[in-house]
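So the protein sequences, as listed, match chains A and Z. Going by my numbering, the first residue of the first sequence is number 1, and it counts up by one from there. Going by my numbering, the first residue of the second sequence is number 1001, and it counts up by one from there.
One or more hints might be untrue.
[Said to hold, decoys possible] Heads up, simulated DSSO-like pairs for lysine-lysine below, C-alpha to C-alpha not over 27 Å straight-line: (1) A:K203 - A:K365; (2) Z:K1161 - A:K18; (3) A:K170 - A:K103; (4) A:K376 - A:K203; (5) Z:K1144 - A:K18; (6) A:K510 - A:K170; (7) A:K578 - A:K510; (8) A:K81 - A:K103; (9) A:K18 - Z:K1187.
Read the hints as simulated data drawn from the structure, not as lab findings.
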Amino acid sequence: MLRKLHIKDHGNETRLFKRRAIVAISIIIILMLGIVARLVYLQIYSHQHFSTLSQKNRLKISPLPPTRGLIYDRNGILLAKNIPSFSLELIPEQVKDIDETLKRLGQLISISDSDRKYFKRLVKQKRRFQSIPIRYRLSEEEVARFSVNRHLHKGVSIQARLIRYYPYGKIGVHTIGYVGRIDARELQRIDQANYSATTHIGKLGIERSYENDLHGQVGYQQEEVNAQNRTLRIIDTMPPIAGKNLYLNIDMKLQAYADKVLGDYRGSIVAMDPRNGALLALVSKPNYDPNLFVTGISTKNYAALRDSPDKPLFNRSILGQYPPGSTVKPFIGLAGLDAGIANNSLFCPGWFELEGDERRYRDWKKHGHGETDLDKAIVQSCDVYFYELAKRLRITQMYKFMTLFGFGQKTGIDIIGERSGLFPSREWKRRNKGQVWFPGETLITGIGQGFTLTTPLQLASTTATLSMNGLHFKPSIVQSMQGHENTEPVQRQTIRYKSVLLKDPQNWQKIKRSMLRVLHSPRGTARGSGQGAIYKIAGKTGTAQVFGIAQDAEYNEEEIGLRLRDHSLFVAFAPFDKPTIAIAVIAENGGSGGHVAAPIARKVLDAYIIGKEL
Amino acid sequence: MILDNYTAANRRRYSLAESLHLDAPLIIALLLTAALGLVILYSASNQNEAIIIRQLTRLTVAFGVMILIAQISPRQLRFWTPWLFAVGIFLLIAVLAFGEGKGAQRWLDFGLLRFQPSEIIKITLPMVLAWFLADAALPPKPSKVIICIILIIVPTLLIAKQPDLGTSLVIASSGIFVMLLSGIRWKYIFSAMLAAIATAPLLWYFMHDYQRQRVLTFLNPEQDLLGSGWHIVQSKIAIGSGGLYGKGWLNGTQSHLEFLPERSTDFIFAVYGEEFGLMGILVLLTLYLFIIARSLYISTQAQDTFGRLVGGSIAITFFFNIFVNIGMVTGLLPVVGLPLPLISYGGTSMVTLMISFGILMSVHTHRKLLSQ
Chain A
1 MLRKLHIKDH GNETRLFKRR AIVAISIIII LMLGIVARLV YLQIYSHQHF STLSQKNRLK
61 ISPLPPTRGL IYDRNGILLA KNIPSFSLEL IPEQVKDIDE TLKRLGQLIS ISDSDRKYFK
121 RLVKQKRRFQ SIPIRYRLSE EEVARFSVNR HLHKGVSIQA RLIRYYPYGK IGVHTIGYVG
181 RIDARELQRI DQANYSATTH IGKLGIERSY ENDLHGQVGY QQEEVNAQNR TLRIIDTMPP
241 IAGKNLYLNI DMKLQAYADK VLGDYRGSIV AMDPRNGALL ALVSKPNYDP NLFVTGISTK
301 NYAALRDSPD KPLFNRSILG QYPPGSTVKP FIGLAGLDAG IANNSLFCPG WFELEGDERR
361 YRDWKKHGHG ETDLDKAIVQ SCDVYFYELA KRLRITQMYK FMTLFGFGQK TGIDIIGERS
421 GLFPSREWKR RNKGQVWFPG ETLITGIGQG FTLTTPLQLA STTATLSMNG LHFKPSIVQS
481 MQGHENTEPV QRQTIRYKSV LLKDPQNWQK IKRSMLRVLH SPRGTARGSG QGAIYKIAGK
541 TGTAQVFGIA QDAEYNEEEI GLRLRDHSLF VAFAPFDKPT IAIAVIAENG GSGGHVAAPI
601 ARKVLDAYII GKEL
Chain Z
1001 MILDNYTAAN RRRYSLAESL HLDAPLIIAL LLTAALGLVI LYSASNQNEA IIIRQLTRLT
1061 VAFGVMILIA QISPRQLRFW TPWLFAVGIF LLIAVLAFGE GKGAQRWLDF GLLRFQPSEI
1121 IKITLPMVLA WFLADAALPP KPSKVIICII LIIVPTLLIA KQPDLGTSLV IASSGIFVML
1181 LSGIRWKYIF SAMLAAIATA PLLWYFMHDY QRQRVLTFLN PEQDLLGSGW HIVQSKIAIG
1241 SGGLYGKGWL NGTQSHLEFL PERSTDFIFA VYGEEFGLMG ILVLLTLYLF IIARSLYIST
1301 QAQDTFGRLV GGSIAITFFF NIFVNIGMVT GLLPVVGLPL PLISYGGTSM VTLMISFGIL
1361 MSVHTHRKLL SQ
């Protein structure tokens, strides 16, 4: 009744409210227990898991780059060093629009397209929070310009890094090599952890071949960071281990001098110590400045180097394969002496014929050398004598003997990429040309033409072996390695190959004396280069044909294009009695060996032995 | 029980609390919680004393306002209720037209005074509903229920449009709590709940992109680790790594190394959980539960329907705030920007909260005067 009249029943309403309040507090308690259950799950059950995550959050491991080992020459002259340089770097994580930022930075500091391209690639490779270089070697003005505007570029900073510098620039570039930014292919090959703080890697020469020694071991720094990845505190540091310092056998003064005396010729000079295989100089010309490559060479500059017909990037000393020409004659002569068939003389009419073959094999001297023995054949470089000798030795015996010296084989030099040259055999021809050996090929092999190819390094190495009466050393560039700044450098072991043994050791002296007369007799082909020497030089000239000359055709240097001219070759060792240096000089398209290569070699020998000009 | 002890103590006529129209157990629990809040804030703000002083000032103001409100009798409060509510609605419309605030329009700037009109609604909506329902016998008739629903929906939509999802959610629920306490039959309540679930997809359609993103993030926080998922993931790491006893005051790595976003405001519970562990949280939850239980008890003791409904709604809304905030911080609920009552750094909501407790005190302490 009361309800119908809408009169309030206070007792009833109070009871109704109390019931609802009890329901409410019950639900509240249940929900609170739900919260507690959730907290028990998070704080007790999953505590370990979240503790780990919290630690990981807090700690960051930053790699510290090791300092790259230095490279010195044999006298302690610094050839590759690390200089501090300012680089512009960016942390992708802290930058909203990278393209926009690069564009704005481009107004302050010049950023080339290749810088940009390289940077973009690094962004993909590296972690988001790592600092990535955009440009190296900022000028002081650029540093100042950026510093003023620094607040406008969040996530961009200027870092001092060590970059590689080659104080001698072009000189010895092919041997020392250079470092460059790590590319995608190298990234596959390297130990990513050890290179995590490294931006550069050896690309060529010693820098590449001794990368593992020069690089060192990465260090780590454990840092406490905040959510912006800013380092607040360094917790633990494991310092990096610097790379080893290398001392080369190269004598930089000699190298520079040899570089100078080769002049504008394309070619190579290799000088080595025959007593241990230490390479004193390895010149390859033309050359180029390695410092261009360190911070990224511009596309234009690189294209110019790559497309130049002079091939400056090509390391002629170990990659250039040239016909050795007459420089093989002492070796062939030695083979003849060892076989006991080189003791007679013959008459040289200026040409040679095989029985049953109409072709005439010409001597370089049109009207011949007349009555010629081995000594004369070497001193005056008579071809006909060696045609006859080669014919009698036959290719198989020549191949066997020449291989003992290292012809057609890699010398084992300690820089990567050496070519082996070629000394042909029947077997080789069958396999590679699918043809049988022709007798005529034996003849021209006897004067270092035909299939035979040698690298300048091989010529120097074989000459050294000959000068040491068969003692054969592995050529080496690195002399010693120094682990730490204050420790004594550790000498690398000299490696001796199997010696060349002759049936009669007297024959060494016989051949070497003929080589001596090449320079020190009135008819020697390099007599001009022997004049006035206060020590005795033994050597052999060579003139290698670049292209075949048709039978009976007149040979005129002037009419032949410069690039088709003969290569000028010369090998030598000195002093005659106790050789301390063996040398090979090749001047591409230089013409006669006696006129071009020999005088160059003489200058280098003088410089090394007398110390003149250095 | 403490509640009973107090009833006995209350018979003494001239206690200080009583002469100030305050409920001693409630105010002690509120002060303890606020003090704990300052301790946490000191750590969460990286020991920033300026922030502590500012928060302390706010607390003082808020408690002062509470005491002032407690002096007003429920009868007067009831009289002013419809007018205050009308002003609140008017200001809400004004804020949509002229308001300012980053991202969302929530603030009205009167030169010296800058405040959110939604705070007025927070207090006055339950009051206006109670005022409206108190006239007639309870449970309310369906026609009254419909009018109540309209009274709830209008401010809720106005605030949701600002957009302030968290506040509109709190306001809608505070109204709904009044309805539930008014004794609406359970069958209506359950059918309404079913209807709400059915219309949930519709709600999705009206949401802003960032609100949708929050829901999506809630469903799968790991998907967007550096975006909005970061909050939840980092907060869970903070709480979980706290363990049973916590890392100790000022030693939370998550919060001090700035991994935890909003650590002084909405996510302050995570700082607490990290530094004080489960044990510390249980202490806080006990304090909260005491405040809620005491408030509900006060409501049941009220002498009229208005006082009962307003008081009950205040108690449950207080819990609702706590539950939504902790639920969000622990990853149980989506991220909605609701502060943790009495603990989070912030002014307006603190004052609003204490006004509501002032009303509770008023309801409680004026009843004897009424009966005399």
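Against the structure, the hints:
no.	hint	in the structure
1	A:K203 - A:K365	violated (47 Å)
2	Z:K1161 - A:K18	violated (36 Å)
3	A:K170 - A:K103	violated (35 Å)
4	A:K376 - A:K203	violated (48 Å)
5	Z:K1144 - A:K18	holds (22 Å)
6	A:K510 - A:K170	violated (41 Å)
7	A:K578 - A:K510	holds (16 Å)
8	A:K81 - A:K103	violated (33 Å)
9	A:K18 - Z:K1187	holds (19 Å)
Violation of the numbered hints given earlier is confined to hints 1, 2, 3, 4, 6 and 8; the remaining hints are satisfied by the structure.
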